[in-house]
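Starting from two chains that each stand alone, build the complex the way the hints lay out.
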Amino acid sequence: MTQDIALGPSSKNPDEHPSSTPVPVGDRPHTISPDEDLNERLEKIWADPPGFYGWFKALQNDALGGRIMSTAFTFFLIGGVTALLMRMQLIRPENTFLSPQRYNELFTMHGSTMMYLFAVPMLEGFAIFLLPFILGNREMPFPRLGQFSFFTFILGGILFYSSFIFGAVPDAGWFAYVPLSGPEYSPGLPLDFWLLGLGVAEIAAIAAGAEITIAILRMRAPGMSLVRMPVIAWAYLITAVAILFAFTTLLIASLLLELDRKMGTQFFNPAAGGSAILWQHLFWIFGHPEVYIQFIPATGMISMIVPVFARHRLVGYSYVVIALLATGFLSFALWVHHMFTAGLPQITMSFFSVASIMIGVPAGIQIFAWVTTIFFGRPVWTTSFYFVVGFLVTFILGGISGIMVGVVPFNWQVHDSYFVVAHFHYVLIGGVTFPIFAALYYWMPLFTGRLLNERLGKWNFWLFFIGFHVTFFPMHIVGLLGMPRRVYTYQEQIGWDIYNQISTVGSFILAIGVLLFVINVFYSRQRGEKVDSNPWQADSLEWATSIPAPNYGFSELPIVRSRHPLWDQKDVRDGEAPLKRMLQALSGWPLTWRAALTTSALEARPTEIFRVSGPSIWPVVTAVGLIVIFAAEIFTFRILVFSGVIGVIVGLVGWHWPDHIETTERELEFEREHNILVYPNGSPTISRWSMGIIVLLVATCTAIFVFSYFYISLQHTVWPLAGIERPGLLLPAIGTAAVLATAAAMYWANRRITKGDVVGMRIGLALALILGAVAVGTLIYDLRQVNFDHTINAYGSLYWTLTIFLIALLLGGMAQILFTQIWSWFGRYSAREHVAVDIGGFYWYAMILFWLALAGTVYLAPYTILSS
Amino acid sequence: MLAIALLLAGCGDAAYAPSTLSPQGFGAARIADLWWFLLALGGAVFIAVMVYLAIALFRPRKPGDNAKNQRNGSRVILFAGIIAPAIILFVVFGFTVSTLNAISTPSISREFTIHVVAQQWWWEVRYPYQQIETANEIHIPAGEPVRFLLSSEDVIHSFWVPELQGKLDMVPGKTHELWLQADQPGVYIGQCAEFCGIQHAKMRFIIVAEPPEEFERWVAEQRQPASEPSESLALRGQQVFLSSTCINCHAVAGTNATGDLGPDLTHLASRRTLAAATIANNRGNLGGWIADPQHIKPGAFMPPTPLTGPELQALLAYLATLK
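From first to last, the protein sequence lines are chains A and H.
Under the numbering used here, read the first sequence as residues 1062 to 1929, first letter to last.
Under the numbering used here, read the second sequence as residues 26 to 348, first letter to last.
There could be a bad hint or two in this list.
Anything over 10 Å on all C-beta distances counts as not near chain H; from chain A, calculated [claimed, not checked]:
#, residue
1, I1152
2, G1228
3, F1390
4, M1419
5, E1732
6, G1821
7, Q1877
8, Y1904
9, L1913
Covered by chain H, per the in silico footprint, the following chain A stretches (three or more residues, Cβ under 8 Å) [claimed, not checked]:
#, region
10, 1158-1166
11, 1405-1418
12, 1433-1442
13, 1462-1469
14, 1555-1566
15, 1751-1765
16, 1833-1840
No lab work stands behind these hints, which were simulated from the structure alone.
Where is the CB? At the ideal position from N, CA and C, for every residue including glycine.
Chain H extracted, bound-state conformation (with noise of 0.2 Å):
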């Protein structure tokens, strides 16, 4: 985890990817024991056929019948080209229907969900339970099931934590239900895995699993409305925040910017990442962004804000109150 801290900072070195392979919740952990299973079955059957095709090729002829080698070969198909595969085919689907019983069914539950409603290209993140809105980057309590709903704004999209749960698709008009655990605090990548776009490869998000303390510290903080800012610097930044397009999309809760087409910036200083978790949170890159996002996500709806020097200086003091 401190990997992707680092990762996240922007100046580690550590190789860090999102495995299904290093399962980190219930869902994920049983579907990679399922997958080892696999791999082991599906191992065993290539190197038994593979055995047999390199006797045959390479074994000393001997002239033989066509007529017992027709009787000889039907036996070999119906053993091995029937039966064996059905067996063996029989016990993967009694593996499947168990692994499936075990992760569609959580074993408790409290009153507690999140809704996530994909857009292109990014995340909205709705605790209807505890009226909070945010983007890209979804904390939850660590230890615990989760119960998310997912649905989309426009297209087709599909929300993956590949370390935590298999994934499953956000359709427009419909809305479908997801549990997901990370057994121990950390970070966890997210992706749109439904190719939704150009894109689509920039459509990312971070799960925050936290101990249930923290976790309800930062959901006391996100139900905070901004905070005045105090600095004179901050001060013009919100003037030039209020009179600039970006309340057109954004908003940020206790000003009159109301803008709900892009990410709500109440909290934003107190999220990682930007760009749907494309670039870490800091000032170089949200400066970087503000004044020319085609060039980090090109295609994306965020026009360029035209900003001389002091302004996005101001801006960006701004936004850095927005704990």
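Chain A extracted, bound-state conformation (with noise of 0.2 Å):
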């Protein structure tokens, strides 16, 4: 315990405490370590394995969170020399530091950066590595998926950097609007780099959100009830819920850009039809929620630090919690705000004024929640408390510029000038970046088992502090007196030296604070204070283990009776009384494989005990595979394209290769002594819900589809476009049966195997696949007959991309068939397991309702919505 933080160890003097806070007991009883022997077993099923070779194979949540999060904090360190040098270039006017091509280049590379390869992977970082604590369980519920989650970031991260090896760096911004980046005005390679380098971390992303939407929903400690999950675990459900929606509509946005440039498509294209609009509405439809991807886990941050160092429980649990899930709703229903001036009716402005402004409620609910606690409680004024204090200070400005904004009239005058500019970086860096460096002083001792020195805190966060509102604040001014963003210099004389030259100079102060923060992590792995449990007597379950923080998390998993529970629990272990005795006989069996708890979604009552998936080499294969495609594609070089897609078939294959263990008779055992399920070759209920996010995915993907097909047939009077005839109906009946009676198939399929008999499923899956290929072939057959192709309207280009969407949705599901066939006659099936075949169906009758949404849009839509 450093001397220089009054936080002496609450044993020596409990008095210190407002009566209000239970005193923490002792750290000891927290740290679950009943059987020093037993951990070290523990530990070695679950460590990763050693050596190079086992680097790639890692796939431990400790492991995979801290490389996310150096990789993040990598870029964030990039990020930050690229905005240096842009203030290099804006100190004086028509300064020629930089050419203009360079500018426009490391501002699109900053935007990005900090948003897609720092902001969010620093945050999921965060998430994989503390959830399982948090949660008080073993591990993530994918390992693999978070395994791969990391190649694909680093990988993709490293794509879109690579850009400047090949003279080729993206120019067009953050959002790259249509046509500038559209093939017209970007020709060459630059934005294929920037759709396809970051496609690859948008992937990314997606993984990590579905991993961490499962892992809060069915994986907590036992009792810990909905509402007594940390305030963290809400913010990190809502935002993964986020991450779905919002990156598949960026990568769908993504997609139909990239098919614009590289096969000739229209979407974007206003001379044939298509709409330069359309992006902005998919882009935002993205963007504004990815603001709050970033701000709601930051504040779930703040909400777990504030009460910790008040001393306090945080007031008004149940309000913050409404205000987060609020936050979440709103946030996609104002992506219309960034486009106040791209010239929409009245009467959708307002609308969307309005959303925007009421977001202030949800954010005036946190504020006083936080400044409440602090007012009852008893401040402890550690270099994570003053990041608090700091974010405080700054977000308040920031949401109040952010009020500003959101005003229309106000909005038409600001709107791309500096004054945005300082507003979101006092979001961003405010909201968002402040609440990251309290994070990482607070919770750094359970990465590393030292704590950071307070010391070299202090100074890091008043340079920070400062440098950045001496950096930012003047950009209100300069933006109020005209300066529009994105200007590689200004003239002379027209007033706005002064206050780029303040900004500057800033700016280095803020980019001292960030080197001392640096210095101090390395100072500190080496000299600085060792801890073994709780050094802030926090009160939540990721500091009732040891320190630092062992691979297996607990080896016996905690009860919660609270939601403070090492404030309010003498002892977390305990409980009631079968449930500790099932959970005593977990932490010592079984010995051989990784086993972690499913808990219900709203109780968490125990539901099964599931073997977690080991290392493997297949998600580095399926990533590597995923990065050649995307790579290659910018090179338009095919054959490796497909190669790559080979890969990743492959890679798919082997990753998901049942890793069988026969059930013995000690396993059930187990079940009956306990009366839970267990399930050695991993959990039926992760399975499915894990099937539920992909169909949650695929519907998203459905939607976008569906709504640009929309959005851009209402821009027209005429509809199908030049002279094209409307599509014929009588296949499109004939595969609408066939996907009708595939999914019979199915239930069929479905109903047999629950009986146990193994031929009947057979002969449903085989039928599934034979109706699957006559959809398949109906549309096929259709594409091959019309005589118009997707490049010679919007027309054309949605005809034919949304039935390619719809004949790879079939064929996905025709694969996951093959394979259960194929797994079938290596008896993988019974009565007992047989998951793939339901979640199999649960894709089917799925398929129905996007082929309906798909088939009906493509085919129907020129019948009755317009008429040509």
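Put into structure tokens, the structure is as follows:
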């Protein structure tokens, strides 16, 4: 314990704490280490394989979380350097330090890096590291997905930055408006690096989002019902769901733009019936939630740290949770406030203006909850708490300027001016980066076993805080004085010089602050004060295990009986006798495979003990295959793209190849004794939930395609365009009948296997395959007989793209059935274990809806909605 | 306004910013009022929250009871975190709507429209009723609302004159309508506000607001075709012009220069600036611009024109006659 922070061990001086806070009991009883020998054995099961090759196969949440955070922070430093170069250029008018081209590249890289390669991965890295500990479980549900996410993220980032080597640096800004980013005005590779390099990183974000959602919903400690969940878990849940919707939208938007650039489609080309504004809608349907995807977990961190250093329970827990939910919902309803100058109807703007300024209410709730908590508590001035206070001051300013820019007429003046640049840095640095620093100082002991140095920390804080405000406050003024953003220079004597000079000076102070943090990390790794448990006397479960955090998380899982288990429970292992017996038994068994627990979504009652997947190289193969696809596509090197596809398929098959363990009498005995299901071959619950998420992602893609179709078609009075005839209806009718029948076949297969009838199941699956092939056949035949292609105009582009997407969905489902069929010959399915068949059926039922939505749009919309 | 004149002449000292806070027309004026209201309100909110934060951080501590604190705290959140912001935001929205209505419907209108077509990185300006075509310098009569039709030839641009009116995007395939008014005669700086490529920074223009009679005089002058040069140097310059690559992109009415990729040069000499309000229009700047545009505006579409010294002098003499 450092002496300069007033945080002596509570056992010595319990009166230090306000009586409202239960005095945390001494550290030792919380550290769950009943049996050192047992812990060693657990560590051995859970540890990642050693050596160079082992590094690639590693999938422990601690290792992956740490790697993702370090990589993201490295990108933060790179993004910071791009910002300093820009500030150098702007220090005086008509400066020639950077060429205009270089400047435009730098602000594009700066924004894209900070948004895609720093903030989101950083927060996901935190989640992957911390969540199993905070939730009181041993692992994330899909360690291999986490591994895949790390490799796609870092490889995507490297691909994006390799644009410097090829002299093709993206230069159209982080939102890449069309037509500027389209084939005509940005020929060559730069925008392909932007779309495809970041596309890979977006896939990483979605993967992590899926994993976080399921971890929080189904892998909490027994007793941690939703109302006992720490605020950060709520925050990450909302964020992860938002990631699924938002990043999927961005991926589809990027796909459409890349098709325009590479395949000659016309989605965004107004001259061929496309729409330039469609990109803005799609981008901001992603882009606005993106801001909250960063902000919500950051506030979750603040809600964890404030009570600990205020020594008082969070005031208004329910209000805060409701505020987070409201923020999450609202964030999808205000994207248009980025488009107030795009010439939209006034009624649209009024609606989105209300939604935009309403976001002030949930923000107000959270701010008053934190400040009131501090008011009733007794602040402990650690560096982490300094950053919390810095966050409050800065974010409130950013929130107020945010309300201002939500006001439509005022927005018309300051949109795309430096006022907006100031505003979003107040929100993103104030509202996200300050909390990230607070969190790094707070959780670092869990990562490394050592505290960060507090004296360096205070310097870090003050330089960062002062540097920040000196840099960004003057930008408000220079924006009001008419300075637009994204200008590489400005005229002499236009009165903007002095503000720019102040900003540049400030940016270097800010940079020194960040540099001190980096120094502090390296210094403290060697010399930082060692801690072995709960250094801040915190209330949440991540501090209940030994420090630094062990690979297995907890040997004996905790039982949660309070929202603040470490403050209220004398021993976090104590609870209902049968539950306690089960968890004790689980700590010593099975010592041959990685066992984790699933719990029910609402009450967190234990439901299953299951095997978490172990180290594997296949997720890396998949990630590399994916990067090969994207990298080769940048250079339109299609043979290599094709080999990448093969790599991905091989990787996916290897990844999911059943690593079968026979269920023995020992498992069944455990089931009977403790009344809990035991699945040594993976959790059916988690498989179902993951299929649920896949369906959600596909549904989002479908919705975006349908939205794009109607958005473009409603721009026209004649539809289909250019004398194209309406589609024929006979083929789609046959296809629809086949798809409906497929669902019946899947239902039959499901029913049979529940009764243990493997042959019946195989017949059902075979029927489903044949019918699926018929449906695919109708679509392909239709494409072959139409007399227009995808390049003719936006109608042709939509027709072909939606149909091909539908074919891909069917083929994906058929591949799943095919593998189920193959594995059934290996004897993998029984009345007890057949989850692959279940989720295959679930996919096909959802498939019917996707078919109806997409085929309905393509074939019927020209008849019903519009007349030609 | 003296300052801007001096600035554009390239020899002034006084700094002059196209500030949204010194509005010169009804739109910008209403928005500036809105801004001062938002600033006062936002400032008051900020100070109030900061005072509460300071008290929370530094007040003397008394032990309290958690249950009671939770009750009182929830009340604080309810009133200060929900009800107060809701009322404030309701007021803000009221002000928003009233301003919106006030600035989108001008009080009077006459059949007078200016069509501005943005392109990388300059502004084509057309007066359809007067049949005038010019570039980067928009003359309007002071003291009356003027209707602008805004569109784009290539990528998205945005039309912004901070002292007169909020900005509006110029989107290919669409035409947007914007009303603005300059209360007093003067020169107002405008600029592109949507990133549009390598020279977005130097895509500026000026609005010259004149008393109605002066404006009419300007219209009359602009309607004239280019006058035939009388001096011999200028005549030679005209030959240089017509035999150079200039005419691939530029037009001079009354000659066989009919290019339409670049600005119309029929009345070039009457304009105050060059290269989309990047540099003042004087002999030296124009010579430099013709000889090496890429030095002044790297990435612009105008190529350097290789001319001998005498050719350039003659050309400049000719261009100076295009009043």
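Consistency of the hints with the structure:
1. I1152: Since the minimum Cβ distance to chain H is about 15 Å, I1152/A lies beyond 10 Å and the statement holds.
2. G1228: Fine: 15 Å to the nearest Cβ keeps G1228/A off the interface.
3. F1390: The claim stands: F1390/A keeps its Cβ more than 10 Å from every Cβ of chain H (closest is about 16 Å).
4. M1419: violated, 7 Å
5. E1732: holds, 42 Å
6. G1821: Answer for G1821/A: holds, closest chain H Cβ roughly 58 Å.
7. Q1877: holds, 42 Å
8. Y1904: The assertion about Y1904/A holds, with a minimum of 40 Å to chain H.
9. L1913: The claim holds: L1913/A sits with its nearest Cβ about 32 Å from chain H, beyond 10 Å.
10. 1158-1166: As far as the region 1158-1166 of chain A goes, the hint holds, because 4 residues have Cβ atoms under 8 Å from chain H.
11. 1405-1418: holds (count 6)
12. 1433-1442: Our answer is that it holds, as 7 residues pass the Cβ test (under 8 Å) against chain H, meeting three.
13. 1462-1469: With 5 residues close enough to chain H, the hint holds.
14. 1555-1566: Since 4 is at least three, the answer is holds.
15. 1751-1765: With 0 residues close enough to chain H, the hint is violated.
16. 1833-1840: violated (count 0)
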